[in-house]
Structure formats: structure tokens, C-alpha cells
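**Q** So the chains spell out like this:
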Amino acid sequence: MLPLLLAHLPLDDSTWITFDIPSFVQNFWSATFDGLTFGAIYGLVALGYTLVYGVLNLINFAHSEVFIVGAYGVVFTLSGLGFGPSNPTISGWAIIGDVLLALVVGMICSALTAYLLERLAYRPLRKRNPPRLAFLITAIGASFTIQYTIFVVRGANPEPAVTMFQPIPVFDVFGTIVDSQQIIIVVAAVIMMVAADQFIRRSRIGRGIRAVAQDPDTATLMGVNKERIIVITFVIGGLLAGAAALFYVMKIPSGVFYTGGFILGIKAFAAAVLGGIGNVRGALLGGLLLGLIGNYGQILLGNSQWTDVVAFIVLVVVLIVKPTGILGTSLERSKA
Amino acid sequence: MSTVDGPTLMPDSESAKDAIDRETERGKRASRRQPVRDWWNRLPRVQQWAYMLVVVVLAYLLPVLNPPVISTEPGTDWPIACLQMAVFALAAVGLNVVVGYAGLLDLGYVAFYAVGAYTAAMLTSPDSPFLHIPYLWTIPVAMAVTMFFGVLLGTPTLRLRGDYLAIVTLGFGEIVRILATIIPAMKGQPGFQNIGRPPGTGADGVPVFSNSNGTPWYWLTLTIIIIVLLLAGNLERSRVGRAWVAIREDEDAAEIMGVPVFKYKVWAFAIGAGVGGLSGALFAGSNGFVNNQKFDVVTSILFLAAVILGGSGNKVGVIVGAVIVVYIPLRFIEIAPYKYLIFGLALVILMIFRAQGLIPARQRLLAYGRLAYNKLGGRAADSPSTTGAVPVGEKGEAK
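So the protein sequences, as listed, match chains A and B.
For this note's numbering, count along the first sequence from 1 and bump the result up by 25.
For this note's numbering, count along the second sequence from 1 and bump the result up by 5.
Chain B on its own, in the form it takes in the complex:
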């Protein structure tokens, strides 16, 4: 621990002992048997796709099926509950890019969610004096605006150590809510009503995307989640994704290896922010009403809890985490008042006993996954956890 000189431009390098301990710890974790994952990795790609198709179809049918035991009714309308889970999952996928891939702690993610929601609201609601555009157009606009805010906030703080990003984002999360209250144009508590919706009217003259029917909104959100997942998966396997993993594992080493650390951190932050804005815009549209009460900082911590609980860095994990975080308070109404207490405590306990979350991220050979595993032969299925630096070294061989 060399520096106490206040904020330094680079993170501290850990002492060698710490690093070695961490490696052995990681080794222990890797050698643990993971039957489900091994089974999944051994399946041919066609079968993997087939299974995934079944899961996707089931996911689409979820609000229609309304399974009796799982259902949140009578407490909450089941399609609406599904929609809430989906919107939350989308936000968690976005936060996962920031926290899971690049290892940057964003404690004010709700701010981006709020910026997205307000962008959609102010561009479609009759209550706002601005230019009005069709709802579907607000989605890219909301993403662009939130990405702009992400860059604005990330540029000063991402050059410093990660702690500063954490507290600045925490502050930002609260400030957005305060600004929504005190700036007259943001309308504070009365908020914006009658936010736009995608076009389309049913046979009975009721709009397809009404605020009381969650199902079409759920399908729209689910489709967007799938698209974002595919894009995020591609990013993860690309040069950008490898850079993120390198930064997460050891920023100094990444810098020395020629990774433009700052640039990729800003990218991760901006992309995460953009996805947050996207989910915010969907929230605004499906809810039909936005005011300053819905974006308190505690929601950010729930987003973070979803990512950490599910397994930060793992796309499937964070979705599972998000579903748990939303579903449990809706299904078991008795514990709903304690949800922040429970998930706050869960963060502390998870960090001590299972920092990798329920479904840990595998650090596999990202670049040429399958090909590299085949070359490595027997090690393939057993060693999902190879350090992040390997893909760079293995690249030539795998080719």
C-alpha cells in the first residue's frame, strides 16, 4: 500500500502477497466442480441454442401463463410484476457492463434510469412545453442523452481511483432527484402524466400498449433485453470486452500492456449509462407517469444488489439477480417493508462469504472460446476460470 497521497491518478498496486493470496483463492474456486456448467459447456452449439430457444419462449409466455404458485396475485397484477422484473433486469444488464465487466462501481445508477425516464416523459407528455416526438423515437434519444451524462460524469472521475467514481455517482444519484424537485421545468412532485406509448390500437379501440396491461410492454422489454444481451455478449468477446476484463483484473498491468484504460473505462460507463437510460424510458412509457418520488438512491443499491447477488460479470446471473430482487418483495408481501434491510445485509454477507455471487462469472478464453478450448484439450471443460490476461496470450495459438 504505497500511496496515501490523496487521490492518485492510478490505482494502488497491491502488495505481492495480496496478489498471490487472491490467485490461490481464485484457483480454489476454479477447481470446485460445477456440474451444470460443465454439462452446458459440453453440449454442442446447436443443442445450446435449442435449449435457449425453449427458455426464451417460456419467458415470452410468462405473463400469459400466470403460474399459480409463483404468481404475485392478488398483491400485484402478474403481467405488471413481469414487466417490473424485465425493466429491472434490463437495468441490471446495463449496470453489469459497468460493475461486472469493467469493475467500476457505480452507486448512482438510478440517476441514469431517471434521466432516461425524464427524457421520455418530457418529449412526449402533454404536460411538458418541449418539442414532442413519437414515443419510440424517445428511446434512442433517451439513450443518447444518458450516454452524454455518463461521459460528463465519467470524464472527471474515471481518471482517479475507483473509490471516487463510487462516491461521485452516489452523489449524482441523489442530485438528480433533488434537481427534479427544485427545477421548475422538471415539475417535481406533480410530475408528467400521459407519457406517450408505441402506436397501435386493439379491436375495441383501447391502445395495445396501455398502462394497465403489462403484457405488450413486457414483450417489448423482453425483446429489447434479448437484443441488448446479444450486443453485450458480442462486446464482451471483442477487443473492447477483453480490455474491460484486463482493466477489472489489474488496471496497472492493463495500462502497461497498452490498453487505453481511460478510454475503455469511459466507454463502459457510457454504455452502461445508455442501457440505464433505455430501461428508464421503458419504465416511463409503461408507467405513463413520472415524478421525482420514484428515483431515490436506494433503488441504485437494489440495482447493485441484483448484480452482485446474481454474479457480477455474468449476463445470466444478473438477470436472475434482478428477478430475485424484484420478485421476492412482490411475492412475499410480508417482508416487503424490510427489503432494503435484507438486500443491504445481503451485500455485506455476500462480500464476505461468496463475493462471486450466485452464478459466478467465468473468466474463460473470451476471444476464441470454443476453438481455444479444443486446442487445450482436456482442460477445456474443467477450467472455466482462466485469468483475464490469457486471451491476449493465447490468441495466436488459437488461430
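Same shape as in the complex, but just chain A:
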């Protein structure tokens, strides 16, 4: 039956998928810079998946909602401070101050969501020693609860756009302009990721996180407070997701709506797997790579929605070829 059906498929290329190679060549560099910008955001969100996976062996499906709650925090703060769809007219220092305030609010919102999620959904479940499936179902249920709470409160439409500043061209590479926004996002995200990495490698709490990731029971025997470490892990993931939320709003001012975190979450998870889940540096590498691959796919195939499809295909291919990801090592191995 199948060969018969295939024989009847129309052979015209434009019916299925078209490859736009001239556009790909023309927009290659701008796609690269944009891809790195998105990749930095994916990396920050991916870190939250990676940390929780390392410590609890659980894919925290609700992490995408932790992110979107942060984005709502950022948008509300900025619109409360008078930012709107058009470029702000206040002085540069005032903008920096306001954006930093929004960053702090976003991080607090996300961290609080992550904390509540752990306390209200995962911890009661952990005490009951349920089968693995129960955790995943709880995670997806929690994700939906948060999404549709937002939906009930704020409706289906995206929040009004807030523009933080007018991107200024800084320099150009191969005829393509790199603007200040892209540089700020990538540099700030990389600094945060490095800080998180160093925190986990060098600090006392970071050592606790690695110990619990390696062996929770032994870690408890050695005097590590496992429950506290788990909460801290969720909060760190939340803080980084809140920072990612600020950059996301900076990049896509009108992208904040109730399911906005969902697809980004899947992409961030794909990034975490690509870099090697459980690996902090892998999250950054995977994020940047996925951002690039997604953007190349998008201009090659000619529709922005292809980024999501490409990210998904990357995830499946990585799982087939190298399920441990590019860097492969896990949280426990990254000894100080």
C-alpha cells in the first residue's frame, strides 16, 4: 500500500519543502549573529534543565513555565516604569538602571516559581517514593497548571511590547552589522553561565550539588542536606531562567504570552541534550550550536517556524547518534 501511495505523491518540489540557497548565502552572517544571540538564551534556560536533571534525574518539564513567569515579571516591571512599544526617550543611565531592576524582578519571579514548584509539586511526591512516571506526569501537569493560570489571568494575547533601547550598530563583519543588543545578550549570558559554572565548581554549595548528583545517599551520610541542595538547585535554575527571560524580552519584545515558554523550553532541552545533559558547560555549547543550526535552517527553508522543527530534528538525531551529547561528561565529574 505504501509504495502505491508514494508513487502518487506529487513530485513538484514546491508542494513539500523548498530550499532557498541564494537567501542562505546572502543572509549567512546575519543568521549567524542572530543564532548566537538566541543560542545564548537557550543556553541559560538549558542550564536549569541540566542542573535539575543532574541532581534529581528528572526532566523538569515545568522549567519552561519558570522561564515565562520571569518574562511576565520583566514585562510588568518595564511597562510599570513607562517603557512601551516605541524607543524610550530617557537617558542612557536611567535605561540601564531600569533594565537592571527588571532583571532582578525577572530573576526573583522565576526563582520563586521554581521554589514553589519544588515545594508544592515535587517534594510531596518524592516523599511517597512513586514510580518514575509519576514525576514526569506531575511535571507536565504543573507546567499546564502554570500555563493556564496565566491564560486565565492574562488571556491569550501577547503582552504589549516593551522596547528597552534602540540597538546601535557597533561594528560590521563581512558586510553584516553587529548591533549592541546582540553583543549585550551574548556577553551577559556567557558571563552568567561562567559564573554559574564556577559557583558549582568552587563553592561549598556547588560541592554539595555535585555530591548529591553523584550519590544522594552517600552525600546525606557525609552531612549534605539533600533537600536543601535540591531546593537550591531549583532556585539557581530559576535565577538563570529569569535572566534568560530579560534577554528574551529584549530580543523579542512582543513574545510574552502564556504558551511562549513551551517551545523555547523544548529547544532549551534539546540544547541541553546536544551539549550533554547534566553538563554545565555543555548547556552553553549546546545552546549556541542549537541557536546557529536553528537559524540556518530557518533561512534555508524560508519560514521562521522551521527553527522549531530543526531543533526537534537535532534532538532526535543527537539521541540516535550520541545520546550523551557533545561534551558528554556529567555534573559529578566536573571536579574542582
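Heads up, a few of these hints could be off.
Pulled a few chain B residues facing chain A out of the computed Cβ check, cut under 8 Å [as the list claims (entries may be wrong)]:
no.	residue
1	Leu-112
2	Gly-167
3	Ile-180
4	Ile-187
5	Leu-236
6	Leu-240
7	Ile-313
8	Ile-329
What the hints contain is simulated information worked out from the structure, not anything from laboratory work.
Glycine included, every Cβ here is placed at the ideal spot set by N, Cα and C.
Since the structure of chain A is provided, determine the placement of chain B on it from the hints.
**A** Chain B only, in chain A's frame:
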């Protein structure tokens, strides 16, 4: 918890303490009295069949009877509501094979439903340039195509831990919708109209299976549900079903006992996908119109909520769950906007307080049910919950 080495090829073995706790928990659950179930299990088989026949007849009469208090009218036409419940129940029965029997979490079940619907639409609608075949033929074709997609998706992910399957299926659910939007041949929002229907015209020249009259479609769907239930029941009691239960309970142990774990997981996934495609094809036919708006990922979560709410692993339970999930928003229109919130919250709360669902699955001696119970004498009716590993051990004795 030994591995944090990223995805491992085998699931983690739980620490012994966890396992023991779970066993005691299960024991507690088993010892709870279940009067209805005990009564049902004590009935002779003839009487069981007689009762079931009454239920089936009532189910067939449901759209015609239109009981006043239960009816969803004036909000929704009652036969159409019945049809929606039936299509949803069929999908839930399919998802139950994946989640309930084999313990694999499929979060993108709507994708298979969509693939089935699109297969039926593209092979019958005048809007599509493909080869056209009669509607009833699209049902097996839709099943074959969705099973193919199930195997395609299952092969890379089923070798890994269950978490990966969950997120890959979640992604797949969304991707199918996006592809339907951006691939020109899938027609995006305009979609496919005038999808085919089974043959037959009434006395007044109106086709029997019209899109506005839900009753014949409901009867067709109900018949298919009964067939699928019988087949699924047989599978459940067969070697395949025992393998699934073994995998669900402890994948490592099953592997050691010589169960080809990967093969049976792919089978469960493919069979579940096939049933999803079947219900999708029925949806497409009865609705007469398919576009990209109807297959969002939230529907997958409603399918999952139906299975978990009703009692995953229990055929009757998941049907009850599906009926509840569809019926409540249709009957109580005031709460319809909050349905995703309610069922999302229900998943979290159920997992904490009643993970086994409203009608828990019994893990009885699957292979030689009745015979084995008789041999075991007094324990028979009181212990519906014996672990999944028992049938293998008891087999010789029961014979």
C-alpha cells in the same frame, strides 16, 4: 541513584529502600476492600457477559435516548457530544496501551491522532491532489501510516530512559502541527474540506453518515472501540501483555528474565500509535474538515489526563476517564475555559494522592486468570493485586 552520566541505555535501578517502600505501599493499596470489584469477580462468567451486554446496549442507545439531566443540549448537540466522547475514548484506549500497559510516557499522542486525521483527509478530500480512495479504506491506511511514524519515533528514543521518550513525543506533538502549517501540501489553516464518508444514503437522499448527524458515526466508533477493546484485552493476557507489565514494573528485571524489552516497547508504542491514527481518521471523517488548528499539544495532555484520571492500565477506567474529560466541559459550559487548568491541576494532585486513578488497574494473574485464582483458593477475590512478575512463575502450576 547511580547514574548521572547523561542518558543511559538502561533505566536507573532504584535503591533497595525505594523498592521496598513501593512494595509496602502497593500492599496497603491491595488490602483495601473493593466491594464492587469483589462482587464482579465472584460472578460467574455468564452473568458477567450478561451485564456487559446490557451496558453495551445502553451505550448504543445513548445518543437516541438523550437523557434530560445528563444531556449537553442546548450547548452541544447530544449525538455529536456522544461521538466526541467515543472518539476521545478510542484514543484513550490506544494511549492506555502505551502508558498503562507498557509504562511509556507519550506526551505527543495528538500527533498520531493528527497523522491519522490528515491521512484520511488527504486521501479522500477533493482539496488534495493525491490519489483518492474510498473512506473506509483510509482507516487501515491511516493505521499503517501512524504505526510507521510510531516506529520511526520510537526506535531512537525507546532505547533510552523513559524521560527522553516523553520529551521527544512532546516535541513531536508540536512539530506535526507546525509542519501542517508550513508545508504547502498540508494546506495549513484552510485545511481539507469534504472529507469522505462511508457509503450509504438514506431514503431522503441524505447520506447516512452526514457530518451533522452524530448518531451513525457514534455507532461506528463504538463498534470499533469494542473491537479494539477485545483485541487489547487479548493482547493484555497474552505473552506480549505479560512482557509489557514486566517492563512497566521493572525494566531491568524484565531484561534479565529474557524479555526482549526494546522490541516489546516498540510494539506497544506502534500499537498505541495505530489506535491513535484510527481515532484520528474517525475524527476526520465525522468532522468532514481538518486543518492545523485542531491538533495542539494541549489535546495530548487531555488524552493523558483521561488515562491517568480513569486509572492507567485499566481499560474500563480509561474510558470512564475519557468520558469525564470530554463530558464535563460540554455539560458545564461555565467551566469550559478553565478545562486545561483543571485537568493540569488534576494531574498534579492525582499523582500525589491517588496515583492509580479512579478505577485502579488490577495486576492479577493475567495469563490463566480464573484457573489460577481457583487454585489459589481463598486468596482469589481478595488479592486482585499480585505483582506483575507472578504470572510467569505461576504458569506451570496453573496448568
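**Q** State for each hint whether it applies.
**A** Hint check:
Residue-level restraint check for B:Leu-112 holds (minimum Cβ-Cβ distance to chain A is 6 Å; threshold 8 Å). The closest approach between the C-beta of B:Gly-167 and any C-beta of chain A is roughly 6 Å, which is under the 8 Å cut-off, so the hint is satisfied. Using the Cβ-Cβ criterion of 8 Å, the hint placing B:Ile-180 at the interface with chain A is satisfied: the shortest such distance is roughly 5 Å. The closest approach between the C-beta of B:Ile-187 and any C-beta of chain A is roughly 5 Å, which is under the 8 Å cut-off, so the hint is satisfied.
Nearest Cβ of chain A to the Cβ of B:Leu-236: about 21 Å, over the 8 Å cut. The hint is violated. For B:Leu-240, the interface hint is violated, the least distance from its beta-carbon to any beta-carbon of chain A being 20 Å, above 8 Å. Using the Cβ-Cβ criterion of 8 Å, the hint placing B:Ile-313 at the interface with chain A is satisfied: the shortest such distance is roughly 6 Å. Because the smallest distance between the Cβ of B:Ile-329 and any Cβ of chain A comes to about 16 Å, over 8 Å, the interface hint for this residue is violated.
Hint compliance for this structure: hints 5, 6, 8 are broken, all remaining hints hold.
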